[in-house]
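The whole structure should be built from the sequences, with the hints applied where relevant.
Once you know that position 65 of the sequence shown is 65 in full-length UniProt numbering, the rest is easy, because the numbers rise by one and skip nothing.
Source of the hints: derived by calculation from the structure; they are not laboratory data. Certain hints may be false.
[What the hints assert, rightly or not] Lysine to aspartate or glutamate pairs mimicking EDC-like chemistry, simulated, CA-CA at most 20 Å apart: (1) Lys49 <-> Asp18; (2) Lys40 <-> Glu96; (3) Lys13 <-> Glu35; (4) Lys40 <-> Glu12; (5) Lys74 <-> Glu96; (6) Lys49 <-> Glu36; (7) Lys49 <-> Glu12; (8) Lys31 <-> Asp18; (9) Lys38 <-> Glu96; (10) Lys75 <-> Asp18; (11) Lys74 <-> Glu43; (12) Lys13 <-> Glu43; (13) Lys75 <-> Glu96; (14) Lys31 <-> Asp53; (15) Lys13 <-> Glu36; (16) Lys31 <-> Glu43; (17) Lys74 <-> Glu12; (18) Lys40 <-> Asp18; (19) Lys75 <-> Glu12; (20) Lys28 <-> Asp18; (21) Lys49 <-> Glu35; (22) Lys31 <-> Glu96; (23) Lys13 <-> Glu96; (24) Lys28 <-> Asp51; (25) Lys38 <-> Asp51; (26) Lys28 <-> Glu54; (27) Lys74 <-> Asp18; (28) Lys28 <-> Asp53; (29) Lys38 <-> Glu12; (30) Lys31 <-> Glu54; (31) Lys31 <-> Asp51; (32) Lys75 <-> Glu43; (33) Lys38 <-> Asp18.
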Amino acid sequence: MAATFQTLINGEKPVLVDFTATWCGPCKMMKPILEEVKSKIGERAAIIKVDIDESPGAASFYNVQSVPTLILFKKGQMVWRQSGVIPAAQLTGILESAV
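Encoded structure:
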C-alpha cells in the first residue's frame, strides 16, 4: 500500500486523499460529496480513501488528528488540507485550481 500511495501522490495528476474511518459519521456524509466531485473532475484528478484504522502509519505520518481529513497532493507536494465535511462545490473548485 505505501509504495502505491507514494507512486500515486508523486504522479502528474493531482491526488485528493480522504483520510476516513468506518465508524465516523461525518466521513459517511463525505462519501456522496466525493462521488459528486469525482463525476465533475473525471480523470483529471484522483481521489483515494485511506482508512486510518487500516493504515495508521499513513495517518500518523500526515498528522491526521481527526476524520475526515482531506489532503490534496500535486507532484508529491501537499498543496491543500482541511479536516471536516466540505461542500462539493468548494471541493470541486479547489481541485479545478490544481489540475
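*Within a Cα-Cα threshold of 20 Å, do Lys31 and Asp51 meet the stated pairing?*
Holds - the C-alpha atoms of Asp51 and Lys31 are around 13 Å apart, at most 20 Å.
*Assess, step by step, whether the Cα of Lys31 is no farther than 20 Å from the Cα of Asp53, and give holds or violated.*
holds, 17 Å
_For Lys38 and Glu96, compute the direct alpha-carbon distance and say whether it is at most 20 Å._
holds, 11 Å
*Has the given pair, Lys13 with Glu35, been kept, meaning a C-alpha gap of at most 20 Å?*
This hinted pair holds, its Cα atoms lying about 18 Å apart.
*Does Glu96 lie within 20 Å of Lys74 when you go C-alpha to C-alpha?*
Satisfied, since the Cα-Cα distance of roughly 12 Å is no more than 20 Å.
*When you check the alpha-carbon spacing of Lys31 and Glu43, does it fall within 20 Å?*
Holds - the C-alpha atoms of Glu43 and Lys31 are around 18 Å apart, at most 20 Å.
*Lys40 and Glu96: Cα distance at most 20 Å?*
Holds: Lys40 and Glu96 sit about 9 Å apart, inside 20 Å.
_Please verify whether Lys28 and Asp51 have alpha carbons no more than 20 Å apart._
holds, 12 Å
_Holds or violated: Lys13 and Glu96, Cα atoms, limit 20 Å._
holds, 12 Å
*Holds or violated: are the alpha carbons of Lys49 and Glu36 at most 20 Å from each other?*
holds, 15 Å
*Verify the proposed pairing of Lys40 with Glu12, using a straight-line Cα cut of 20 Å.*
This hinted pair holds, its Cα atoms lying about 19 Å apart.
*CA of Lys28 to CA of Asp18, is that 20 Å or under?*
holds, 11 Å
Hint violations for this structure: none, all hints satisfied.
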